[in-house]
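Since the structure of chain Y is already known, use the hints to place chain A on it.
Sequences listed follow chains Y and A, in order.
My numbering puts the first sequence at residues 1 to 247.
My numbering puts the second sequence at residues 1 to 247.
Hint data in this document are derived by calculation from the structure and do not stem from the laboratory.
Some clues are possibly wrong.
[To be verified] If you want the footprint, here are the derived chain Y segments under chain A, 3+ residues with CB under 8 Å:
(1) 3-14
(2) 18-32
(3) 76-87
[Stated by the list, open to error] To list a few chain Y residues with every Cβ distance to chain A over 12 Å, as calculated:
(4) Ser63
(5) Glu94
(6) His103
(7) Ala139
(8) Gly149
(9) His151
(10) Val166
[To be verified] Distance ranges between label pairs, derived from CB positions:
(11) Y/Glu244 <-> A/Thr173: 33 to 39 Å
(12) Y/His192 <-> A/Glu244: 51 to 57 Å
(13) Y/Tyr243 <-> A/Asn188: 47 to 53 Å
(14) A/Trp184 <-> Y/Glu179: 18 to 24 Å
(15) Y/Ala68 <-> A/Arg222: 54 to 60 Å
(16) A/Val160 <-> Y/His192: 58 to 64 Å
(17) Y/Glu179 <-> A/Glu244: 20 to 26 Å
(18) A/Trp184 <-> Y/Gly96: 41 to 47 Å
(19) Y/Ala91 <-> A/Gly14: 27 to 33 Å
(20) Y/Asp136 <-> A/Val160: 49 to 55 Å
(21) A/Ala91 <-> Y/His192: 35 to 41 Å
(22) Y/Asp211 <-> A/Arg133: 51 to 57 Å
Every residue, glycine too, gets a C-beta built ideally from N, C-alpha and C.
There are 2 protein chains.
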Amino acid sequence: MPTYRLDLAYDGSGFNGYARQSGQPTIQGELETALETILNTPVATSVAGRTDAGVHAHGQVVSFQLDAEVDLERLRRALNGLVGPEIAVLAASEVGGDFDARHSATWRRYRYLINTAGAQDPLTRHITWHVRRPLDPPAMTAAAVAFIGEHDFTTFCRSVVGRTNVRRVTELTLRGSDELIEVWMQANAFCHQMVRSVVGYLYDVGRGFSDGSLAADVIEARDRAAVATVAPPHGLTLWAVGYESRS
Amino acid sequence: MPTYRLDLAYDGSGFNGYARQSGQPTIQGELETALETILNTPVATSVAGRTDAGVHAHGQVVSFQLDAEVDLERLRRALNGLVGPEIAVLAASEVGGDFDARHSATWRRYRYLINTAGAQDPLTRHITWHVRRPLDPPAMTAAAVAFIGEHDFTTFCRSVVGRTNVRRVTELTLRGSDELIEVWMQANAFCHQMVRSVVGYLYDVGRGFSDGSLAADVIEARDRAAVATVAPPHGLTLWAVGYESRS
Numbered sequence: 001m002p003t004y005r006l007d008l009a010y011d012g013s014g015f016n017g018y019a020r021q022s023g024q025p026t027i028q029g030e031l032e033t034a035l036e037t038i039l040n041t042p043v044a045t046s047v048a049g050r051t052d053a054g055v056h057a058h059g060q061v062v063s064f065q066l067d068a069e070v071d072l073e074r075l076r077r078a079l080n081g082l083v084g085p086e087i088a089v090l091a092a093s094e095v096g097g098d099f100d101a102r103h104s105a106t107w108r109r110y111r112y113l114i115n116t117a118g119a120q121d122p123l124t125r126h127i128t129w130h131v132r133r134p135l136d137p138p139a140m141t142a143a144a145v146a147f148i149g150e151h152d153f154t155t156f157c158r159s160v161v162g163r164t165n166v167r168r169v170t171e172l173t174l175r176g177s178d179e180l181i182e183v184w185m186q187a188n189a190f191c192h193q194m195v196r197s198v199v200g201y202l203y204d205v206g207r208g209f210s211d212g213s214l215a216a217d218v219i220e221a222r223d224r225a226a227v228a229t230v231a232p233p234h235g236l237t238l239w240a241v242g243y244e245s246r247s
Numbered sequence: 001m002p003t004y005r006l007d008l009a010y011d012g013s014g015f016n017g018y019a020r021q022s023g024q025p026t027i028q029g030e031l032e033t034a035l036e037t038i039l040n041t042p043v044a045t046s047v048a049g050r051t052d053a054g055v056h057a058h059g060q061v062v063s064f065q066l067d068a069e070v071d072l073e074r075l076r077r078a079l080n081g082l083v084g085p086e087i088a089v090l091a092a093s094e095v096g097g098d099f100d101a102r103h104s105a106t107w108r109r110y111r112y113l114i115n116t117a118g119a120q121d122p123l124t125r126h127i128t129w130h131v132r133r134p135l136d137p138p139a140m141t142a143a144a145v146a147f148i149g150e151h152d153f154t155t156f157c158r159s160v161v162g163r164t165n166v167r168r169v170t171e172l173t174l175r176g177s178d179e180l181i182e183v184w185m186q187a188n189a190f191c192h193q194m195v196r197s198v199v200g201y202l203y204d205v206g207r208g209f210s211d212g213s214l215a216a217d218v219i220e221a222r223d224r225a226a227v228a229t230v231a232p233p234h235g236l237t238l239w240a241v242g243y244e245s246r247s
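Looking at chain Y on its own, in the form it has when it is part of the complex (with noise of 0.2 Å):
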């Protein structure tokens, strides 16, 4: 069976999140309706990076196997029309048949925006967390230093019983000015509410609140107590998942 793989950005503003709820508009629910409508069939897509309620995405990737061959241009436009302008299909790709939009990803990039300026900036408010106060970025890198490597991240998970919390985190950087924060995470994968604890505990440290020297315990405490703030769901973009063999 033909393997397809979407890529998808989206503003999840609207959306009660990635993953399918009945009577909700989600990101699958849309994408599997319109699929459903163009081709008449229904259709099961795996996905990437289920993303919370609020949270975007520049770079999701999604795939699905259909018993049929189709226009790939045509479906990506069609789709376009049914799930514009919220949810834009950016490419339409066959790939080989063991490709996986979830199994196959070896890691996830996401990006989070803070400004700290005196007024929310109009323009960038859907995106942006505004927090109204001056932060200490040197601090925050300091701190999130201790975040690199694989550690069990039980502190910044909302666990699932019986699965592992334990990921391996490549990167966690800050970038931007003073008045508008770039936060960039990379891990082979994340769990539920992971990048926005991580970002609620360096915004801590970066106001003061908490000691970011003491990072590295507070991550092999593994205690979820141990971060008093998650940061809002719409800072929040996911922009990009990487398929490059584990070799």
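Using the frame of chain Y, we list chain A on its own:
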């Protein structure tokens, strides 16, 4: 009388332009109503750039005189409480009595965003013109050179009888990537619809509809009919206003 300066940003999507119009949502209407509510007196403002319906601002400047000293940070916060989140007062300051946001300005700088990717980006769709076709940025850049300097821009203006259309353009450059083109334009002042008409012309050059090597002739023609396309307002943002002395 003390003179005050406000620096504004706004998402122009929901407004019928900057200038006050009876019964229409406008930036000036919202701002002056909020000023009157807070200060308990009617306030008449001057503005650096009277943006059209749907045009945004990142660094608009407004000034007004008032027969009283005010706590500027309290005023700024109170204004934001009334006009946000579509409008933000970024800064409030007292300035010299001869300062007028419109007449003292020595330059205005605009940004226009054009997305040529196969699909519109959901996260920037409110500030970007999506043109659905590849353009030729080198040809556009070559044509842009003809605009630099002092010219009669009647070709690119919705003219007002009895007013000159002579303006001094100091920058017209393209940046960004092939898929997200940023057009930056700076001049001492702009006539009505000038940036959108210039961008519309560059778009016609970029898609091969106009011959960019004739740009100087198109300017010289002083004929509004010589330009076929006016770029839509939502891609345009008033980026900054300068008040350097003209020495």
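*Does the structure break any of the earlier hints, and which numbers would those be?*
2
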